[in-house]
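Student: Line order of the protein sequences matches chains C and G. Residues 3 to 190 (the numbering used here) make up the first sequence, in order. Residues 43 to 229 (the numbering used here) make up the second sequence, in order.
What the hints contain is simulated information worked out from the structure, not anything from laboratory work. Do not rely on the hints blindly, as some may be mistaken.
Stated by the list, open to error - If you want the footprint, here are the derived chain C segments under chain G, 3+ residues with CB under 8 Å:
1. 19-27
2. 56-68
3. 130-138
4. 142-154
5. 171-178
Claimed, not checked - Below, simulated EDC-like cross-link-like pairs (lysine to aspartate or glutamate); rule was C-alpha separation at most 20 Å, straight line:
6. Lys180/C to Asp175/G
7. Lys117/G to Glu133/C
8. Lys180/C to Glu72/G
9. Lys196/G to Asp102/G
10. Lys196/G to Glu69/C
11. Lys81/C to Glu72/G
12. Lys81/C to Glu133/C
13. Lys117/G to Asp152/C
14. Lys180/C to Glu92/G
15. Lys117/G to Glu92/G
The beta-carbon is built from N, C-alpha and C at its ideal position, and this holds for glycine as well.
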Amino acid sequence: MVEFFFVELMAANDADVVRALSEIPSEAEAELCRRMAPRVRLYGLRHLRDEQAAADLTQQVLIIMLEALREGRVEDAEKLASFVLGTCRMVILDMRRGASRRAKLLQQYAREAAMTMPRPLIPPDLGRLAECLTQLAERERSIVVMAFYDERSSEEVAGSFGLSTANVRQIRHRALTKLRGCMTGGRE
Amino acid sequence: MSCLRTLNWDLLAEYWSGELDEHREPFIEEHLMGCGLCSASLESLVETAEGIRTLARRGDLRVVLTREFLARLEKEGLSIRQYSPKAGSSVECTITPQDDMLMARLAADLSAYTRVDTVFCDASGVERGRAADIPFRAAKTEVVLNEPASAARKFGHDVMIIKLVGVGAQGEQVVGEYRFNHSPSPA
Numbered sequence: 003m004v005e006f007f008f009v010e011l012m013a014a015n016d017a018d019v020v021r022a023l024s025e026i027p028s029e030a031e032a033e034l035c036r037r038m039a040p041r042v043r044l045y046g047l048r049h050l051r052d053e054q055a056a057a058d059l060t061q062q063v064l065i066i067m068l069e070a071l072r073e074g075r076v077e078d079a080e081k082l083a084s085f086v087l088g089t090c091r092m093v094i095l096d097m098r099r100g101a102s103r104r105a106k107l108l109q110q111y112a113r114e115a116a117m118t119m120p121r122p123l124i125p126p127d128l129g130r131l132a133e134c135l136t137q138l139a140e141r142e143r144s145i146v147v148m149a150f151y152d153e154r155s156s157e158e159v160a161g162s163f164g165l166s167t168a169n170v171r172q173i174r175h176r177a178l179t180k181l182r183g184c185m186t187g188g189r190e
Numbered sequence: 043m044s045c046l047r048t049l050n051w052d053l054l055a056e057y058w059s060g061e062l063d064e065h066r067e068p069f070i071e072e073h074l075m076g077c078g079l080c081s082a083s084l085e086s087l088v089e090t091a092e093g094i095r096t097l098a099r100r101g102d103l104r105v106v107l108t109r110e111f112l113a114r115l116e117k118e119g120l121s122i123r124q125y126s127p128k129a130g131s132s133v134e135c136t137i138t139p140q141d142d143m144l145m146a147r148l149a150a151d152l153s154a155y156t157r158v159d160t161v162f163c164d165a166s167g168v169e170r171g172r173a174a175d176i177p178f179r180a181a182k183t184e185v186v187l188n189e190p191a192s193a194a195r196k197f198g199h200d201v202m203i204i205k206l207v208g209v210g211a212q213g214e215q216v217v218g219e220y221r222f223n224h225s226p227s228p229a
């Protein structure tokens, strides 16, 4: 069996970290929480469109994940992502039903889950972003601003300017490629 | 799940705005949940979107918007100073510290054109800048142009002429000319 040390965990894939639970449980649990927390939070933001609700989801999902791992219910280490995704869906359904049946678990695992809340989203350098937006073509800038201001779909943006959805997607594709290149200074 | 093929921003934007169909979305979500690299890329896209929202709310972008979008900004409580001169006329304008955004609403019949440029001229009519191929809806009779508020606050007494220029088979044609006589805010 491979022996894991804390520094090696950082470089290991998710499944290897799950396998490391039997040897260094607290370090492996902390590493799994550190990795999964931002992913769960993004899932929450995408489906709930609310930062506080996404934070609540993250905490609940991490608690359920830790409980399942400790009880050996995640049998296949390679399937952790599927397990977490399924849990996200279930918890959101619960949240929408207004259920709060996690008080006991929260008491037991809250410390671990709370300690690994992902860092807050950090907007990029606004000066640089404004500069990059200025470099876009007029249509690209309008479409990117309107699409991202309140997460409007291509179809909605297309309707506003009398363009086809396919055309808006094409323009957005060009704009995002340029924007990403400009923001990263061509490093990616 | 390993990341043999990283998801690009375009696909991530489709996911984020709920445009993926019911077969693709679960696949993408499963990948994101198992891939730190792609979820970090989505995080960066979401942060950029937040940055765009911040810049738009500050009115710091020169960008063509729509009447409906403008209405939504107003509904959010933003203070928007708007000027709607008729084509061929001039308007006295300013921006105060209380204004969040500055908009020029340029009325014109653009139905005969497939391409429209916005041309920015000084008081003597000399072209100082051009926004080529702006988005517009031919059926609507107005171009809503957001002018950068922070730059406008620094202007003294100044004149800016904005022209809407239609580009068609016969070449360029000025569809509308609007003169903005700017004075600094007295405050």
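Student: Now tell me if each hint is right for this structure.
Tutor: Verification of the hints:
1. 19-27: As far as the segment 19-27 of chain C goes, the hint is violated, because 0 residues have Cβ atoms under 8 Å from chain G.
2. 56-68: violated (count 0)
3. 130-138: Our answer is that it holds, as 4 residues pass the Cβ test (under 8 Å) against chain G, meeting three.
4. 142-154: holds (count 12)
5. 171-178: The restraint on the segment 171-178 of chain C holds, since 4 of its residues have a Cβ under 8 Å from chain G and three suffice.
6. Lys180/C to Asp175/G: 18 Å, holds
7. Lys117/G to Glu133/C: Violated. Lys117/G to Glu133/C sits at ~28 Å, over the 20 Å cutoff.
8. Lys180/C to Glu72/G: 27 Å, violated
9. Lys196/G to Asp102/G: 13 Å, holds
10. Lys196/G to Glu69/C: 59 Å, violated
11. Lys81/C to Glu72/G: 10 Å, holds
12. Lys81/C to Glu133/C: 43 Å, violated
13. Lys117/G to Asp152/C: 13 Å, holds
14. Lys180/C to Glu92/G: It holds: about 18 Å lies between the C-alpha atoms, which stays within 20 Å.
15. Lys117/G to Glu92/G: Cα-Cα ~19 Å, so holds.
The structure is inconsistent with the numbered hints 1, 2, 7, 8, 10, 12, although it conforms to all the rest.
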